[in-house]
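Asker: Residue numbers (the numbering used here): 15 to 114.
The set of hints was computed from the structure by calculation and includes no laboratory data.
A few of these clues could be false.
Taking lysine to aspartate or glutamate and the EDC-like style, the derived pairs with C-alpha atoms no more than 16 Å apart in a straight line are [claimed, not checked]:
{"hint": "1", "residue 1": "K55", "residue 2": "D23"}
{"hint": "2", "residue 1": "K55", "residue 2": "E32"}
{"hint": "3", "residue 1": "K55", "residue 2": "E112"}
{"hint": "4", "residue 1": "K42", "residue 2": "E103"}
{"hint": "5", "residue 1": "K105", "residue 2": "D44"}
{"hint": "6", "residue 1": "K105", "residue 2": "D57"}
{"hint": "7", "residue 1": "K101", "residue 2": "E32"}
{"hint": "8", "residue 1": "K42", "residue 2": "E64"}
Label-pair distances were calculated between CB atoms; the ranges are [as the list claims (entries may be wrong)]:
{"hint": "9", "residue 1": "K26", "residue 2": "V72", "range": "15 to 23 Å"}
{"hint": "10", "residue 1": "R102", "residue 2": "D24", "range": "18 to 26 Å"}
{"hint": "11", "residue 1": "L56", "residue 2": "R22", "range": "32 to 40 Å"}
Beta carbons are placed, not taken as given, at the ideal position from N, Cα and C, and that holds for glycine.
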Amino acid sequence: MHKQEVGRDDIKTLYETEDVLFEQTILKSDYLIYSLCYVPKLDCYDIVIENYCLGKLVIFESRKYISDTTKKYFNLYKGDDFTDFHKREYKCLSHIIEYK
């Protein structure tokens, strides 16, 4: 489901009942695709950053925690814009929650 299609209470219930398989946000800048994926069963975030102009993987890593700035990225809705501290502008292409 797309995150903006449901209320916060519905999302909270899905997490409380452990029905969420993963939650993913995909952002795009002038040359980067940024994918953030949270997997509740592993309590882990997967982060993938790709320079799509060069066709190169910049980062792939798993983290237990993400920074406050990264949390801002993760909480965007589809269509939202965000400018980071490097003055890079990102557009949220997708924010989905996959559940049982």
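Asker: Is the Cα-Cα distance between K101 and E32 16 Å or less?
Answerer: violated, 37 Å
Asker: Can the suggested window of 15 to 23 Å be confirmed for the beta-carbon pair K26 and V72?
Answerer: Cβ of K26 to Cβ of V72: about 33 Å, so the range 15 to 23 Å is violated.
Asker: Against the 16 Å threshold, does the CA-CA distance of K42 and E64 hold or violate the hint?
Answerer: Answer holds: K42 to E64 is near 10 Å, not above 16 Å.
Asker: Measuring from beta carbon to beta carbon, are L56 and R22 in 32 to 40 Å?
Answerer: violated, 23 Å
Asker: Holds or violated: K55 with E32, Cα cutoff 16 Å?
Answerer: holds, 8 Å
Asker: So does R102 sit 18 to 26 Å from D24, Cβ to Cβ?
Answerer: Given range 18 to 26 Å: violated, Cβ gap about 32 Å.
Asker: What's the verdict on K105 and D57, does the C-alpha distance respect the 16 Å limit or exceed it?
Answerer: Outside the cut-off at roughly 26 Å; violated.
Asker: Has the given pair, K55 with E112, been kept, meaning a C-alpha gap of at most 16 Å?
Answerer: holds, 13 Å
Asker: So if I understand the rule, the pair passes when the alpha-carbon distance is 16 Å or less; does K105 with D44 pass?
Answerer: holds, 10 Å
Asker: Quick one, are K42 and E103 close enough, alpha carbons at most 16 Å?
Answerer: Distance ~8 Å between K42 and E103 Cα, so the pair holds.
Asker: Check the hint pairing K55 with D23 against an upper bound of 16 Å on the C-alpha distance.
Answerer: Status violated; Cα separation ~20 Å.
This entry does not satisfy hints 1, 6, 7, 9, 10, 11, going by the numbered hints stated previously.
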